[in-house]
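**Student:** Chain by chain, the residues:
Number of protein chains: 2
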Amino acid sequence: MGEKASQRAAAFAAHVSMRNSSTEVKDTSVLGQGNPMADMAAERSKASFPVRELTYFLDGGKDMTALKERIMTELERDPVFENIDFYDLTKEQLRERTMSRIARLIHYITSEREEVSHLRLSLVGLMDMGLLTRTGVHYGLFFGSLRGSASPKQFQYWVAQGAAEMKGMVGCFCMTELAHGSNVAGLETTATFDERTDEFIVHTPHIRATKWWIGGAAHTATHTVCFARLIVKGKDYGVKSFVVPLRDPKTYDLKPGVSIGDLGKKMGRDGIDNGWVQFSYVRIPRQFMLMKHSKVDRHGNVTQPPLEQLTYGALIGGRVSMAADSAQMSKRFVTIALRYAAVRRQFTSKKGEVETKILDYALHQRRLLPLLAQTFAMQFSSDETSARHRALMRKIDSTDPSDLKAMAIVIDELKEVFTTSAGLKAFTTWACAETIDQARQACGGHGYSAYNGFGQAYNDWVVQCTWEGDNSILALSAGRGLIQRYLEVQKGGKVPAQTAYLNKLSVLKCAKAGSRKIDSVAVLSEAWEAVAAAVVSKAGESFVALTKQGLSADEAFEETSQQRFLAARIHTRCFMVLKFFDRISSARADIKSILTDLAFLYALWSIENDAGLFLQAEFFTSKQIDQIRELCNSYCRKIRDQAVPLTDSFNLSDFFINSAIGRYDGNVYENYFVQVKRQNPSKPQAPYFENVIKPFVHRDGEVELDAEELDEDEA
Amino acid sequence: MGEKASQRAAAFAAHVSMRNSSTEVKDTSVLGQGNPMADMAAERSKASFPVRELTYFLDGGKDMTALKERIMTELERDPVFENIDFYDLTKEQLRERTMSRIARLIHYITSEREEVSHLRLSLVGLMDMGLLTRTGVHYGLFFGSLRGSASPKQFQYWVAQGAAEMKGMVGCFCMTELAHGSNVAGLETTATFDERTDEFIVHTPHIRATKWWIGGAAHTATHTVCFARLIVKGKDYGVKSFVVPLRDPKTYDLKPGVSIGDLGKKMGRDGIDNGWVQFSYVRIPRQFMLMKHSKVDRHGNVTQPPLEQLTYGALIGGRVSMAADSAQMSKRFVTIALRYAAVRRQFTSKKGEVETKILDYALHQRRLLPLLAQTFAMQFSSDETSARHRALMRKIDSTDPSDLKAMAIVIDELKEVFTTSAGLKAFTTWACAETIDQARQACGGHGYSAYNGFGQAYNDWVVQCTWEGDNSILALSAGRGLIQRYLEVQKGGKVPAQTAYLNKLSVLKCAKAGSRKIDSVAVLSEAWEAVAAAVVSKAGESFVALTKQGLSADEAFEETSQQRFLAARIHTRCFMVLKFFDRISSARADIKSILTDLAFLYALWSIENDAGLFLQAEFFTSKQIDQIRELCNSYCRKIRDQAVPLTDSFNLSDFFINSAIGRYDGNVYENYFVQVKRQNPSKPQAPYFENVIKPFVHRDGEVELDAEELDEDEA
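Line by line, the protein sequences give chains S and P.
Numbering-wise (numbering that gives the first Met the number 0), the first sequence opens with residue 0 and increments by one.
Numbering-wise (numbering that gives the first Met the number 0), the second sequence opens with residue 0 and increments by one.
Hints should not be assumed to be uniformly reliable.
Which copy is meant is left open, because identical chains are indistinguishable; a pair holds if it fits in one copy or across any two.
Stated by the list, open to error - Think about it this way: if two alpha-carbon atoms lie no more than 27 angstroms apart in a straight line, the pair counts; the simulated DSS-like pairs of lysine-lysine are: (1) 622 x 511; (2) 591 x 61; (3) 537 x 508; (4) 414 x 232; (5) 254 x 676.
Keep in mind that the hints were calculated from the coordinates and are not lab data.
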């Protein structure tokens, strides 16, 4: 034993004893961090309201909670839905998994009530957005088109072919083209009637008319509903829909004339096999045009429907459910960030003391609690809008289309829901994206780990802001609707509930908070109505002034774009505030108080963010705006202790949360470490060690050639 | 030939002739879309300023542009930097590529001036952020620590071992721990001095002290600089740094006592092999502690430096370069979105006419042009701050540490740069993230394709908001600095340039735009100074009031968190506006006008976003705020024609843009289609066809068991 070795041995013995003597150092450290599980339990014990009752309230009753829990259990226990490796899957693995899961979902979808399936799918969307979309492509878009646009006989035919159960037939939906997304009326694919053979010739005239973004086209669809311009005898009748077979359902060989390619990697939702499709003179029987509304007969006579507007009903459905999804997804991510904040400790003002929970920092409360309040607001406003939408759809179905007066009423209501849902879709999907990212940042560096769920969810989510109506364009369209309502009021008309504030313009114009208590339902409702009225009026007045200057309505709308956008934003926020208050009025007494605090925080925080508008409307004074900033702080402080109980009321199990640091038990570090190790088992060497690392690290110096040797002897 | 077949043949003949007769339909379509390449050329012809001169101005002179172009060419032509498949690489492929690229970069880094390398690396960061980080981990963090914290002799030793050229030694940096990110002082890894063997024993006391997020640890590093608590004779001297060998540089086997694992998938930057590291009683020679500042001698005598503050200098460097990166990355993404907007056509007001370029829509201008203006603002303010930082570093190096008076001056200046750079890092990295995402959304659905670059860049970028000082915490720290400056002024002191507005508080308090022209350098500068002064004063006054109520300074700072955050945000915006105006004053006449338009737009748009504060400060009236909204519209209209020339002035080649729809030629649809096809060559069937699709689509019905057969005969 050499000298060094004997020293080491002695030192080891000394060190082992030091481990005990140095307990002081070690324990302080552990103490500094507290005990996360105990911390979490302590948070739960602070609940000031019956958590379970709030869950029932959010779900719409005890029975709905039970149903939801049944479905959650079915999903959690099914090995096909195992999701622990979700964040490590490649595009190819995700796609394969999507289809395996659809194969399992089909059992439920074909055997249960539609409302149950709807709930099931919305839960599926929470854990695997790509899967929801792929299912939605078949059922919502493809099958939904058949249901909405096929004649009864046609519908029966496609159902017999297997469309309802995805058997022998998997659908996709060829609407958007490479150069046309938002502008459906501008699509360029043609379906030209060939009277001789009684067929349509579906054709892609040039590369920019290539069908693009077609979910399911790359690998899985056998048939598509295709949007194409109906051309009969040289006349263009505009865009209609056609069923076009893409692949042989047995062999999956492409049909002649059909070219399909994979769109490859996307920002998110790689579980959907999006593709591009080109048609080269593809022939389909005339009867494959969906003829519930427009019709082409054997001789090329075209009949068009009198009221094309009614097809908007389906569009609205998509928007409303995206608002609901925004609420749901926000629940998942505020839960993660708040649970983590309740156990993560960082910094201490006094040395040696246990560090402070980050949720106890004022700024951290400010970052997360308004988003928590907003999550409730999103749910209540989307609940209300979907209820209205469902009622309206029933009304449309039961109204006789020949009763023009009744139809006019329905159409007016449709317009309003159209406007409200457009704004709601835009501003809730944006708010949800913001929530996911803010929640990520609130978790600091750990928010960046795939295993905590933020990155994947953000990437999967944000397509909601640009599809099914780009948010900016939807907001402009909602703004147009608002200006139109303003004009109606100016002409002495009365406008319906959702823009009711326009009916009392003259009152609201002079409204002020005055000396009233700011944090009250009355004042906050009035404040939002007053400012919405002011912003919409201003946009309306600009519009009127521009038309008086000789601009066409279209030009005047274009000129007032920014104002329309602002009007839609403020109108939607106002709607969300008012619906929050409305909903609370039906709550049990024991949950009313916490809901009211949340609603106040939401309304106040929203005022703070747009303080300029409230000052311009002179509803609040500058001093009151300062008070409102302070009120935001104090409502944050007030709600802080209820943060964890509130996230518990969302009733999302760890399976759906799918985040190592967001799990129920609060044992964040253990959960996270275990998850990282499970997904990345230690390997002795990097796969690129021999190839890359070794030759680099072990390289010899660059050989320095002595070029001077080449010099001619100049001496 | 059957009847149907003969009909088809005839129809085909008819159709071929129809192709000609239907030219009308087809041409309208093509006409509707215009010609993107011609559109782009037309945009360029509108330039009202010499584009090349603006490039020189941005780069800092003709020579710098030439150098930049040389480096860009070197990177573009080198097969190791081929980037066309970048968006399809898996984590494993990215990691391998990172190391191959470092092996190539090393040639340059070890043979060129530091400023040239700096420029090279910043361009590398634009095309491959993970690569920049991995290089930065070795050179910035590991080697930078040696340079900054090793004694001259130690430094020589590690250079001789290969640290300067990554030869036989690859470094990483073990600072953050699982439970401690921001709070470096709270780290729990220990380095305990063992006097008998003259060694330190480096140890991870428990799971939460596991070194976490360590870039390069998973696979590639042989050595680390490790932050650990120095424990000598039972006394804790706080966190110091130590070199710890992790792997045998020959075999890459882990050293005894070192446990390392792969952190796996992240939101982005998967090219970095982040790992976790645990030390179990790992012994290192005493001399491996970096002893430039603190020292431990053979007998365990510890000496600590008098002025620990000076090590902040290095931290500031990281922040300043992140502000510069924010500008650079924003250039890339506003370029993509603006080029696309200049050729993408959608909707037309008159049937049959060519559709409108989306850049011609007022709202689209509003979405993108302020972000373009902001990109310039980010560059100018980061240019200014890095120049100050460089000068300060030189000053620190040349100041005699024993000259306490001189040191006090340097430290005061350091404090100021610390505050400014903290705010700048926070608000520019946030602004850049927002820019990438807004630019993506402005490209509609195509922004979601991986091949247009947004998703990858967003995911790679956003870690900037939480690392090297979480943005929220940095903003709070900047806000603290501002309150301290306010207090100095209250005590009759005078504060330096960057918060100079605090020296004229009484004047600014009564400042008003009055009847002056709003869009002027004087009014807009004054407006921003007035509002910054108002916000900082209000925060300062709250702080003073709280301390008068008996709160400690720490408590009062905590209570004013929201105000501190606001103060930092507004101060930073004010700084960016002022630096923009400053920089313009040195511009040639022929580029001054466009730069002024951009600066006005930036200042006005920023006022619009915080209108409430300007109304509260009574600098603008409500009517003027409305005018400012209108001015934003009109500056957008004014700049619109210069949008493409301005992006050209950024001088980023297609290689660096790396976006199918953002390429220089404007041929968006062809570029995009070619890229998608190249990366996703058609395969006859999905890889999961046999396994999943076929059994699902071809399934028989679920066998319905007739359970009634099992009934006992009840008859």
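**Student:** A separate judgement is required for each hint: does it hold in the structure or not?
**Tutor:** Here is what the structure says about each hint:
1. 622 x 511: Both, since 13 angstroms and 19 angstroms are each at most 27 angstroms.
2. 591 x 61: within (17 angstroms within a copy, 68 angstroms between copies)
3. 537 x 508: within (11 angstroms within a copy, 31 angstroms between copies)
4. 414 x 232: Intra 35 angstroms, inter 79 angstroms, cutoff 27 angstroms: neither.
5. 254 x 676: Classified as between: cross-chain Cα gap 20 angstroms, same-chain 47 angstroms, threshold 27 angstroms.
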